[in-house]
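Could you build all of it, start to finish, from the sequences and the hints given here?
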Amino acid sequence: MTAETVIGAVGKQAEFRTCQYTGLKVDVAAQTLIKANAVAAVVFLLIGGLLGLSVALTRWPAVHLLPAEWFYLALTGHGANVLLFWIIFFEIAVLYFASAVLLNCRIAAPKFAWLGFILMIVGALLTNYAVLQGDSSVMFTSYPPMQAAPNFYLGLILFAVGALIGCVIFFATLVIAKEERTYEGSVPLVTFGAITAAIIAVFTIASGAVILIPTWLWSLGLISNIDPLMYKLVWWAMGHSTQQINVSAHVSIWYLTAALLLGAKPLSEKVSRTAFFMYILFLQLASAHHLLAEPGLDSSWKIVNTSYMMYLAVLGSMVHGLTVPGAIEAAQRKNGYTKGVFEWLRKAPWGNPAFSGMFLSLVMFGFIGGISGVVLGTEQLNVLMHNTLYVPGHFHGTVVTGTTLAFMGGTYLVLPLIFQREIIWPKLAKLQPYLFGIGAAGISLFMMGAGTLGVPRRHWDITFSDAPIAFAHSAGAFLMMGLNGISAILAALGGAIYVIVVVGTVLFGKKIVGGHKLTFPLHSGGGAAVSHYGSEGAVKLPGTIILITIFFVSFVLYYFINWKYLSELWLFH
Amino acid sequence: MSTLEPVPSSERVPTMQRILDNTFLLLFLGVTIPTVLYILWGVMELVSIPLAK
Amino acid sequence: MAVFPPKERIWWNEPIERVELIWIGVAFLWGLFMFGFMITWHFIGQQNLNKEAYRIAPSVYETKVEEFAKKYQVREEQGVPVVKPPAGADVYILGRLWQWWPVLELEKGTSYRIHLSTIDWMHGFSLQPVNINISAYPGYEHVFTLTPTESGEFGIVCNEFCGIGHHTMTGKIYVKDQKQAEVNQRLVAER
Chain U
16 MTAETVIGAV
26 GKQAEFRTCQ
36 YTGLKVDVAA
46 QTLIKANAVA
56 AVVFLLIGGL
66 LGLSVALTRW
76 PAVHLLPAEW
86 FYLALTGHGA
96 NVLLFWIIFF
106 EIAVLYFASA
116 VLLNCRIAAP
126 KFAWLGFILM
136 IVGALLTNYA
146 VLQGDSSVMF
156 TSYPPMQAAP
166 NFYLGLILFA
176 VGALIGCVIF
186 FATLVIAKEE
196 RTYEGSVPLV
206 TFGAITAAII
216 AVFTIASGAV
226 ILIPTWLWSL
236 GLISNIDPLM
246 YKLVWWAMGH
256 STQQINVSAH
266 VSIWYLTAAL
276 LLGAKPLSEK
286 VSRTAFFMYI
296 LFLQLASAHH
306 LLAEPGLDSS
316 WKIVNTSYMM
326 YLAVLGSMVH
336 GLTVPGAIEA
346 AQRKNGYTKG
356 VFEWLRKAPW
366 GNPAFSGMFL
376 SLVMFGFIGG
386 ISGVVLGTEQ
396 LNVLMHNTLY
406 VPGHFHGTVV
416 TGTTLAFMGG
426 TYLVLPLIFQ
436 REIIWPKLAK
446 LQPYLFGIGA
456 AGISLFMMGA
466 GTLGVPRRHW
476 DITFSDAPIA
486 FAHSAGAFLM
496 MGLNGISAIL
506 AALGGAIYVI
516 VVVGTVLFGK
526 KIVGGHKLTF
536 PLHSGGGAAV
546 SHYGSEGAVK
556 LPGTIILITI
566 FFVSFVLYYF
576 INWKYLSELW
586 LFH
Chain C
1489 MSTLEPVPSS
1499 ERVPTMQRIL
1509 DNTFLLLFLG
1519 VTIPTVLYIL
1529 WGVMELVSIP
1539 LAK
Chain L
9 MAVFPPKERI
19 WWNEPIERVE
29 LIWIGVAFLW
39 GLFMFGFMIT
49 WHFIGQQNLN
59 KEAYRIAPSV
69 YETKVEEFAK
79 KYQVREEQGV
89 PVVKPPAGAD
99 VYILGRLWQW
109 WPVLELEKGT
119 SYRIHLSTID
129 WMHGFSLQPV
139 NINISAYPGY
149 EHVFTLTPTE
159 SGEFGIVCNE
169 FCGIGHHTMT
179 GKIYVKDQKQ
189 AEVNQRLVAE
199 R
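Protein chains in written order, with our numbering: chain U, 16 to 588; chain C, 1489 to 1541; chain L, 9 to 199.
Think of the hints as simulated: they come from the structure by calculation, not from any bench. Hints may contain errors.
[Said to hold, decoys possible] Capping the alpha-carbon separation at 16 Å, the derived lysine to aspartate or glutamate pairs in EDC-like fashion look like this:
#1 C:Lys1541 - L:Glu70
#2 U:Lys555 - L:Glu28
#3 L:Lys116 - L:Glu158
#4 U:Lys532 - U:Glu437
#5 L:Lys92 - L:Glu74
#6 C:Lys1541 - L:Glu60
#7 L:Lys116 - L:Asp185
#8 L:Lys79 - L:Asp98
#9 L:Lys92 - L:Glu161
#10 L:Lys184 - L:Glu158
#11 C:Lys1541 - L:Asp98
#12 L:Lys116 - U:Glu583
#13 L:Lys180 - L:Glu84
#14 L:Lys59 - U:Asp313
Dropping the structure here:
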């Protein structure tokens, strides 16, 4: 297959610049596309974040900010804006970076990429418009027979088509890089992670098309009926898989950040790539996590799918959980921090928001999002938490403390390297990942706590004040919701600082010229580490071994505690 | 990407490495496996739910 | 920057570090255990959700529930019938905008065949504070056996978004302990 067959005739010669910090050749067209997608991402993060704050403040019983109608509207908008728009725009930027920039290649068909970008923007605006009109408060999942305005579905479809174009551009760029021999041998690990994300994205978008197009036609009155159970099955092939794109993308960013900041190389290419390979094969099966309390599905289907085929994709994540800190420890030891077990970690660049964002994301994704995800996705344990606030608690652990924090950290690399602007207010930027991380961790943990106490998700009033048959949650549940509100304020503060720093830097940051010393410097070998492959080789990693041991013990304990809870329930079969 | 570059050394690239280097094979696997195991199997489960007596 | 030819073209044959190898082994076995434990719980556990389900027109289901309620109604609470089915009976629960209907009175330690469905939107059956959570669909009748293991007054809330009145959607299950009641009665009589 040649590049021509994929993208048509090659246009005029692309224009490149060479990055003074990494030595990478950057296609200017790709750079502009990355900028556009990153800016769009931040705008939708701002919208979605504000809506999220209003949701959390309404759930805080003492504040109870919004009336019911507005609460459900805000919740629908929050989901669409942050879970889809912010994250996918950023991911498209990551895809372009990992293909064109890391492979020193021109981007395929930039005009076509712009078409994709415009479709995504139009789609996102259309869906937001439908939500704000007030007749599409159907939640992000839009389960039928509840119906939204046709524009709600149409917006999502346009957005998905645009994102699919982004994936096609990514694959086409890989083909060009191969054809034009801009790299030799295998692609770098970060690009391999991006390939994983793009593959999952293709499955995700295809599933979305299969279910959203008929649903759109149904909302127009052209189809009489959408089966709610069938809808839920296929919808989650999209809904959950979008989150698996995130996992692949943010794990790639972990490797990227470790390479650029510390010169870290993977311990073993074979192991890290095989871990991504497990994602490609099995991660998407976890869509079944949402169908464990449903009628009519056989346990064999539930078990095979919910376990990502015998937990082989979890194995992938657990491997990254070792190899990422392991690679950091190995690199830091090579950088001279060899004293004791943890000098490498203590002397890590904690003042660099790219590093702190990345490392907090790694730790919290594992401990909060990862463990709770496996427990929630266990066939029988699911009944304890299905549709309670535990579910948003879990996925705020993955998508917010995991993906969003990693993307925020990554932004502090994109600003100087792609926008070529020096970060303004570095002191504020230093603080940002901690503030946001702690807030998001609180949101996640307190919602899980409330869910464990039975508080339902997507619920305006846990006092049930208007219910004809009274019901009251325990005092503990109210405490959890209050703490959740306070955490949301912290996270919103962290999010606001992020937006201010990014917008301020893009607009007013000092232009970076030749010979400029970065406020948050890269490792001298960072560029080579990130754009090549090669294993670190034999090293001793006592610190990492301790970290993963703590992780494993927490995992096992929490897993069995939940089985104990389950065994005390009423009996059912 | 499916064609293999000639290897500079005389060493043959191991099969697993060639699979992992083959983006479009990976794309095929990554779409087919969940489509069969999750969607098709799941849809079959749902359509085989009997009518109420 | 020149594109350096990679030092090692073949990375698949590189040896894996010992720590990685051990961790892969531990993680793999743990995964295998968790996988096996889900299967095992079907044999040793008392909490496994039945897949038994039927397609049913919502109106037909509604009629079934109404007949059931009429047959076993013992009293009324806030306009909702309180229904006390005999041990082992088929029990029908209906979710609709915005209530779980009817109120049930069950016996501790007795098994019932619960039928669960809705007639409008999707709803989420959430038994509190026990915390048993099951999705309910219009058009699908889900059947499972339930045995209360504690007595008292339990709430059912809805945990699937079902419109503006979602937060007012509740229901109730009373669980009576017949044996305990008899013992108490005897104690009172003896006194």
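Run the distance test for C:Lys1541 versus L:Asp98: straight-line Cα separation, threshold 16 Å.
Roughly 14 Å between the alpha carbons, so the hint for C:Lys1541 and L:Asp98 holds.
Starting from L:Lys184, check that the Cα of L:Glu158 is at most 16 Å away, please.
Within the cut-off at roughly 8 Å; holds.
Sort out whether U:Glu437 lies within 16 Å of U:Lys532, counting only the CA atoms.
10 Å, holds
Proposed proximity, L:Glu158 with L:Lys116 (alpha carbon, max 16 Å):
6 Å, holds
Check whether the Cα positions of C:Lys1541 and L:Glu60 lie no farther apart than 16 Å.
Holds, because 13 Å separates the two Cα atoms, which is no more than 16 Å.
So if I understand the rule, the pair passes when the alpha-carbon distance is 16 Å or less; does L:Lys116 with L:Asp185 pass?
5 Å, holds
Regarding the pair L:Lys180 and L:Glu84, is the alpha-carbon distance no greater than 16 Å?
The hint holds at about 12 Å.
Is L:Lys92 close enough to L:Glu161, meaning Cα to Cα at most 16 Å?
Roughly 14 Å between the alpha carbons, so the hint for L:Lys92 and L:Glu161 holds.
Is the straight-line distance between the alpha-carbon of L:Lys92 and that of L:Glu74 16 Å or less?
14 Å, holds
Does the alpha-carbon distance linking L:Lys59 and U:Asp313 stay inside the 16 Å limit?
Since the Cα atoms of L:Lys59 and U:Asp313 sit roughly 6 Å apart, the hinted pair holds (cutoff 16 Å).
Given the proposed pairing of L:Lys79 with L:Asp98, does the C-alpha separation stay at or below 16 Å?
Holds, at about 12 Å.
Is the hinted pair C:Lys1541 and L:Glu70 satisfied, with a Cα-Cα distance of at most 16 Å?
Holds, because 14 Å separates the two Cα atoms, which is no more than 16 Å.
Of the hints listed earlier, there is not a single one the structure fails to meet.
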